[in-house]
Amino acid sequence: MLDTREGELAVYRLVRARHRSTLDMEHTKIVKGADGAVLRRSGQIVEKWREYYNHLCNEEFCHPPIPTVPSVEGPVLPITAVEVSAAFAKMKSNKATGPDDIPADVWKLLGDRGSGWLATLFNKIVAEGWTPDVWQTSVTVPVWKGKGDIADCTSYRPIRLLCHTMKVLEARLRKTVSVSLNQCGFVKDCSTIDAIHAVRILLEKHREKNRSVHLAFLDLEKAFDRVPHELLWMSMRSHRVPDEYVRWTKLLYAKPTSVVRCAAGTSRPFLVHVGVHQGSSLSPLLFILCMDTITKEIQKQHSWTLLFADDVMLASESRDDLQKHVQSWKDQLQQYRLRLNKPKTEYMECGPRREDGSIRVDGTELNKVNCFKHLGSKVTSTGDIDQEGVRPRRRPKIRWLHRVKLDMIDARLCTADAMDRTKWKTRSRKAGPTTTRDKR
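Its first residue numbered 1, the sequence shown is counted upward by one per residue in full-length UniProt numbering.
Take these hints with a grain of salt, some might be off.
What the hints assert, rightly or not - Quick list of in silico lysine-lysine cross-link-like pairs, BS3-like style, CA-CA up to 27 Å:
(1) K95 / K209
(2) K296 / K373
(3) K188 / K405
(4) K95 / K188
(5) K405 / K222
(6) K205 / K29
(7) K145 / K175
(8) K167 / K90
(9) K373 / K342
(10) K90 / K29
(11) K124 / K222
(12) K147 / K167
(13) K188 / K29
(14) K32 / K175
(15) K188 / K296
(16) K32 / K205
(17) K48 / K175
(18) K29 / K145
(19) K255 / K95
(20) K324 / K147
(21) K296 / K147
(22) K222 / K108
(23) K205 / K250
(24) K205 / K222
No lab work stands behind these hints, which were simulated from the structure alone.
All chains, please: the whole structure from these sequences, using the hints.
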């Protein structure tokens with residue numbers, strides 16, 4: 001097929017089809033206004049993004065007062081040059097910089113001299129209780145979630161670009177706390193595989209005994225953007241974090257401001273009074289501390305309660321018991337200014353005898369599903385293992401051939417012409433645009 005001109009053109013169509021599927025939709029310029037009309041002028045687009053994130057980062061849900069927790073007094077060790085060097089060594093190179101435009105690579109090149117100077121600066125900052133003004137600013141970049149309307153602001157996740165230098169201070173704070181065993185997110189030596197494996201074992205054990213198990217997958221509404229700062233301090237003290245470290249964290253959240261950078265330009269700055277910085281190395285830890293503090297009294301043992309940051313799975317052998325458990329989670333979250341997103345919270349019954357109906361939260365019946373994609377792996381009501389849940393790196397050649405065949409179908413080609421990866425690459429190069437005939 002590739003030995004003819006028609007075959008070469010077919011390959012070009014295939015390449016264009018694959019290119020369209022990889023287009024970066026995160027930097028689309030158009031966006032919809034409040035009335036649903038598409039905004040096209042750059043000034044209107046930038047102002048819309050600023051208005052959306054200004055409202056998102058400064059609105060709190062109704063709540064009772066957050067309780068206070070006794071502080072843990074005591075001195076802490078000063079930051080050393082060795083600690084600074086170790087923190088920068090763990091940072092990746094060629095990452096997007098914050099408002100100061102100083103990447104971590106600069107400090108890596110300076111070596112011991114730069115580490116010593118930064119250690120002195122950090123100790124002076126915590127002793128005098130101030131931070132550079134640039135540390136209080138950030139650049140918010142809207143990143144498409146991969147689903148939803150690309151012209152709708154709610155389909156984007158706000159990622160904040162912060163100064164790399166302040167992340168060294170955050171690295172010290174990460175070493176001081178630990179969380180419950182049910183939490184798998186942003187925990188050392190733990191990943192999504194552990195949570196997926198726990199769910200698989202739970203379903204398999206019940207299927208062996210021919211018993212049913214009921215699952216609820218909770219969705220929190222704007223979880224990272226709605227966390228009140230008072231809850232951060234309370235959660236740190238609840239985990240016996242020395243009050244000196246709490247004071248350090250407060251310095252990073254003293255008067256935070258941000259600007260929105262999108263394809264249409266950069267907005268005016270706005271204040272950030274609520275939420276954690278998505279993009280900070282410390283923010284994931286602060287969030288799971290909050291989740292652990294809020295729900296530690298209502299968490300069941302491992303496998304019956306699984307958390308990965310804001311992704312929560314609850315399990316029970318009884319539908320009524322699961323309904324009570326989900327209701328208690330909803331009430332507990334609401335007491336601390338977080339909200340359960342009931343339209344996106346889903347229920348699943350796994351077992352040989354599945355009954356009609358679903359569980360209710362505040363009188364609202366949750367959506368009942370037969371399949372749910374949890375942490376990238378599909379969980380089915382039959383307990384079967386879906387091959388799509390396998391991580392891509394496990395069987396790269398088979399997945400690559402499957403992808404090629406789908407692309408060939410899109411390009412109206414015969415899938416019987418698909419070959420292994422080596423031959424495909426070789427023939428594609430022969431049919432490239434730099435062949436002798438194309439040059440003529």
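Going down the list of hints, with the structure as the test:
1. K95 / K209: violated, 50 Å
2. K296 / K373: Between K296 and K373 the Cα gap is close to 25 Å, so the pair holds against 27 Å.
3. K188 / K405: Given pair K188, K405 is violated - Cα atoms ~39 Å apart, limit 27 Å.
4. K95 / K188: holds, 22 Å
5. K405 / K222: violated, 38 Å
6. K205 / K29: Violated: K205 and K29 sit about 50 Å apart, past 27 Å.
7. K145 / K175: violated, 30 Å
8. K167 / K90: This hinted pair holds, its Cα atoms lying about 11 Å apart.
9. K373 / K342: OK: K373 and K342 at ~17 Å, within 27 Å.
10. K90 / K29: Violated, because 35 Å separates the two Cα atoms, which is more than 27 Å.
11. K124 / K222: Violated, at roughly 36 Å.
12. K147 / K167: Roughly 31 Å between the alpha carbons, so the hint for K147 and K167 is violated.
13. K188 / K29: violated, 38 Å
14. K32 / K175: Given pair K32, K175 is violated - Cα atoms ~43 Å apart, limit 27 Å.
15. K188 / K296: This hinted pair holds, its Cα atoms lying about 20 Å apart.
16. K32 / K205: Measuring from Cα to Cα gives roughly 49 Å; hence the hint is violated.
17. K48 / K175: Distance ~39 Å between K48 and K175 Cα, so the pair is violated.
18. K29 / K145: holds, 16 Å
19. K255 / K95: Holds. K255 to K95 sits at ~25 Å (cutoff 27 Å).
20. K324 / K147: With a Cα-Cα distance of about 31 Å, the restraint between K324 and K147 is violated, given a limit of 27 Å.
21. K296 / K147: violated, 32 Å
22. K222 / K108: Violated. K222 to K108 sits at ~36 Å, over the 27 Å cutoff.
23. K205 / K250: violated, 46 Å
24. K205 / K222: violated, 34 Å
Hint compliance for this structure: hints 1, 3, 5, 6, 7, 10, 11, 12, 13, 14, 16, 17, 20, 21, 22, 23, 24 are not met, and every other hint is.
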